[in-house]
Amino acid sequence: MGFFQSLGVGRIVFSSDTSEEQYREYGKGRITMDSCFPVKALAGHMGELLHKDINLLFVPMIYSLPSFLKGHVVDTLSCTRVMMSVENIKAGFLRERKEFEERGIAFVSPFVPFAEPELLPKYLWESLKEHIPGLTLEETARAVKEGFRALEDFERKMREKSLEIIRWCVKNNRPAILVLARPYHMDPGIGHDIDGEFQQYGFPVLWYNYLPLDDWLLEWLFSKEIRAGIIRSYFDISDVWTSSYSSNTNEIIWGAKFSARLPWITGVIRLSSYECGMDQPTFTPVQKIVESSGTLFFKFGELDETKPAGSVKIRVETIVYYLEKYSQDIIKKKLSRLGAVPSQLLV
Amino acid sequence: METKEFHYRAYRPRPFTKEERSKTTILFGGLTWKHERLIQGSLERMGYKSMPLPNIERQDLDIGKEFIDVGACCPTTFTAGNLARTLMTLREREGEEGVKNNYLFVTIGACGPCRFGQYHESYERVLEGLNLTDFRLFLLDLLQMEQSAPGGGLEISMPLTFGLVYSMFYGDLITDMEYAIRPYEVVEGSTDNMVRESVELLYERLKNRPIKGKKIDSLIWHVFTGYFVDALKEVRRLWDEIEVDRLRVKPKVKITGEFWLQTHEGDGNYNIKRWLEKEGAEVIPPPVAVWMDYLINMELFKLEDAKGFVKKYYLKKLAIGTIAGLYKMVYNRLRKALNNIPNPLPDQRKLKELARPYFHYRLTGGEGHMLIGKALYAYLNRQAHMICELSPYGCLPNTMSVGAMAKVLGDYPDLLYAPIEIKGDAEVHAYSRCQMILTEAKRRAKEEFEEVLERTGLTVEDIRNFEEDHPELRRATYKVPHYGYAGTASNYAMHIAKLMGRI
Ligand code: SF4
Ligand code: SF4
Chain A
1 MGFFQSLGVG RIVFSSDTSE EQYREYGKGR ITMDSCFPVK ALAGHMGELL
51 HKDINLLFVP MIYSLPSFLK GHVVDTLSCT RVMMSVENIK AGFLRERKEF
101 EERGIAFVSP FVPFAEPELL PKYLWESLKE HIPGLTLEET ARAVKEGFRA
151 LEDFERKMRE KSLEIIRWCV KNNRPAILVL ARPYHMDPGI GHDIDGEFQQ
201 YGFPVLWYNY LPLDDWLLEW LFSKEIRAGI IRSYFDISDV WTSSYSSNTN
251 EIIWGAKFSA RLPWITGVIR LSSYECGMDQ PTFTPVQKIV ESSGTLFFKF
301 GELDETKPAG SVKIRVETIV YYLEKYSQDI IKKKLSRLGA VPSQLLV
Chain B
1001 METKEFHYRA YRPRPFTKEE RSKTTILFGG LTWKHERLIQ GSLERMGYKS
1051 MPLPNIERQD LDIGKEFIDV GACCPTTFTA GNLARTLMTL REREGEEGVK
1101 NNYLFVTIGA CGPCRFGQYH ESYERVLEGL NLTDFRLFLL DLLQMEQSAP
1151 GGGLEISMPL TFGLVYSMFY GDLITDMEYA IRPYEVVEGS TDNMVRESVE
1201 LLYERLKNRP IKGKKIDSLI WHVFTGYFVD ALKEVRRLWD EIEVDRLRVK
1251 PKVKITGEFW LQTHEGDGNY NIKRWLEKEG AEVIPPPVAV WMDYLINMEL
1301 FKLEDAKGFV KKYYLKKLAI GTIAGLYKMV YNRLRKALNN IPNPLPDQRK
1351 LKELARPYFH YRLTGGEGHM LIGKALYAYL NRQAHMICEL SPYGCLPNTM
1401 SVGAMAKVLG DYPDLLYAPI EIKGDAEVHA YSRCQMILTE AKRRAKEEFE
1451 EVLERTGLTV EDIRNFEEDH PELRRATYKV PHYGYAGTAS NYAMHIAKLM
1501 GRI
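Protein chains in written order, with my numbering: chain A, 1 to 347; chain B, 1001 to 1503.
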């Protein structure tokens, strides 16, 4: 939004949340190879937008992502399917006729490497200049900065919210749940609202990618290990994960480490889509990282377009039972391994 | 230390020291037996004992599934299973201590979020599953020349890296010869025997190669020496003896696909290359060297995109351009020693341009844009009648680029393209899909050959008669030029016509 607004784009239209209907109506038949649901869902989103009153369809190929772990890991790349799916689905729309052209919609899919600050504006400009007359590279670079600013703003607010939740837990001596997933599992059509189910039982839910990053908090959680020479910084994940290329995977791993240390996170919920190749090698390590500290771990795997509402409800009930039963013990045990609770948490 | 007690830590191999070198065997795998035997020669020259893992077998898939988390791609499952099987066999033979102390496993990795980069996570599950976490497993990045394993026992030095590069080149070139000759051999089995003999000869040469210098002097020697070319000239003399019959009309099938799957020869890809040959095709196998060339050129392309932002742009461009140039030069010198029978490496810039409307070149993983580029290149340049694309089940990038081929096929409906999903345990299905397209490819090869006969006015008998007077034409090492036809028999007939002065 920040980026487009800065360019002076008047109206920005988003596709709706993912749903089975959306995929069936607009996306089916657009993907020629079997894939995980999030990729298939993209076809539904693109198809839906083609039916809206727009003149430019913008679907970036996101190659690398901004990540708070940058500098502490090898790279922050996207899943290869995330970045490549655009070309795949585009082919699905174009193989028989020129569908975008017929609808008078320009299709723009720039290559977007967030981790390459010089190239990012260049690639965006190259793909947009034809469609936004007079657009200059400088303007695009400025808009990129605006976009980053908007993103940082949003993230800051989210992290503040997470801290607020943790403080509430401390004050009320209540446990929280941490979700480890891919960002699009926040979309109710992909994550099936599983996080929401827990909230209904009075458990606050934190997401791994918006955890608070305040120094005093991380100092409390990680400083012993830094002093022991096990890790070099709060954000070092090399003690548990030795090939840190993927941005989301890295953050999931870090989230797992955080959850294993923060006393009030007593349960971790792992969500994973059907046939997710990125998650596959992480299943055992993530579970072990979480469980090694006594934190409860539960996995909802193989999520796809069919919403398993009934079985989710039953599982959530069972998990809630365990959380109620063991949370206080877990909090105590985890607290006993750390120093005194920082005053900033006790406000 | 309290922190160590309750937090999970990733696997870290024990150090491997220099003193242990002579007593420890390095296990490695992932390529064809030819490449592996040659790598062994290179390693032995540097003072390492080594042993390739056994050939991949169907059972490795089941063993792999037992150890690693569900949802792995088919190559990872196979290779993890293969490692597990090897370690179990060794343990039975030499006991737990024997496996831990006398062997270690080295795998090349570290180039991305899926490809190779995370293989070792699965291998670690194998070690945990076998209760062998004390066994040493090292992940090495070949592109970082000075990298070494903790303890200093394993050093990636310039002479070792070049030894490995030549092993790879040799392996590729012999494989290319093999597939170009076997379908036409007059005496059945003569090609296979020659492949074995050639690989042994080259293994000896690699094992006894001189070590000249350590850094830049080593680089210069390896690039310009005649040592490696001379070895291949010896090989060529051996292949001279094989007699071929190039009048067998066969469809040419180019193999593309995910790196491991396309280069593999064994149950891991249903032995599809051999199967295709049995079904009457000539196969163009994919060399490993193309992959390295791709990686080098990608650096060049990326740099070009960043022109204006990069300091010392021209210097850097010159440096990478020189590496790319030398790489090709060395490969071509070696090809020439085999009378250019092995195929040249494709021009990476051309592949990128061909794929451009369909697939952005910076989308890496699987084969990236090469999947589309190579298919189009082969089609437009009449290199092959058909493309057989090997897609691993559960692969992240490959499925995406195969999907993007839909538009290519829309634009080039004549392109014969067989994407085969390899699951490891569904070969009948894969064969029958391939068979369908192969039937059409056979028809085209036949039509093409008939067209040549008509165009040149030659009959098969004329050609046979001409061959009688020119026996050198039936030598495996005789180079038939490309006359714009995909099929070997067609180009051969054209060539004869030219020699006879008919065209
Ligand atoms: S991260 Fe997993 S679910 Fe997401 S696109 Fe990649 S493979 Fe699919
Ligand atoms: S490219 Fe595909 S098959 Fe190869 S390692 Fe990656 S996911 Fe597996």
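A hint or two may mislead.
Unchecked claim - From the derived model, a few chain A residues whose C-beta atoms are all more than 12 Å from chain B:
(1) R95
(2) I289
(3) R337
(4) V341
Unchecked claim - The calculated BS3-like cross-link candidates involving lysine-lysine, where the alpha carbons are at most 30 Å apart (straight line), are:
(5) K332(A) <-> K307(A)
(6) K288(A) <-> K1100(B)
(7) K70(A) <-> K1316(B)
(8) K70(A) <-> K1311(B)
To be verified - Stretches of chain A that chain B covers, calculated by requiring three or more beta carbons in the stretch to come under 8 Å of a beta carbon on chain B:
(9) 1-11
(10) 312-318
If you are wondering where the hints come from, they were derived from the structure by calculation, not from laboratory data. Ideal placement from N, C-alpha and C gives every residue a C-beta, glycine not left out.
12 Å cut-off, C-beta based - V341(A) kept clear of every residue in chain B: 18 Å, holds
Hint consistency between K332(A) and K307(A) [alpha-carbon to alpha-carbon, up to 30 Å]: 37 Å, violated
Do the alpha carbons of K70(A) and K1316(B) lie within 30 Å of each other, as the hint requires? Since the Cα atoms of K70(A) and K1316(B) sit roughly 25 Å apart, the hinted pair holds (cutoff 30 Å).
Quick check: do three or more residues in the stretch 312-318 of chain A have a beta carbon closer than 8 Å to a beta carbon of chain B? Result for this restraint: violated, n = 0.
When you look at the beta carbon of I289(A), is every beta carbon of chain B farther off than 12 Å? 5 Å, violated
With a C-beta cutoff of 8 Å, work out whether three or more residues of the stretch 1-11 of chain A approach chain B closely enough for the coverage to hold. With 0 residues in contact (Cβ-Cβ under 8 Å with chain B), the coverage given for the stretch 1-11 of chain A is violated.
Are the Cα positions of K70(A) and K1311(B) separated by 30 Å at most? Holds, because 22 Å separates the two Cα atoms, which is no more than 30 Å.
Per the stated criterion, does the least C-beta distance between R95(A) and chain B lie above 12 Å, as a non-interface residue requires? Nearest chain B Cβ is 4 Å from R95(A), so the label is violated.
Minimum C-beta separation from R337(A) to chain B exceeding 12 Å: can you confirm that? 7 Å, violated
Below or equal to 30 Å on CA atoms is what counts here, so check K288(A) against K1100(B). Between K288(A) and K1100(B) the Cα gap is close to 24 Å, so the pair holds against 30 Å.
Of the numbered hints given earlier, the model fails hints 1, 2, 3, 5, 9 and 10; all others are met.
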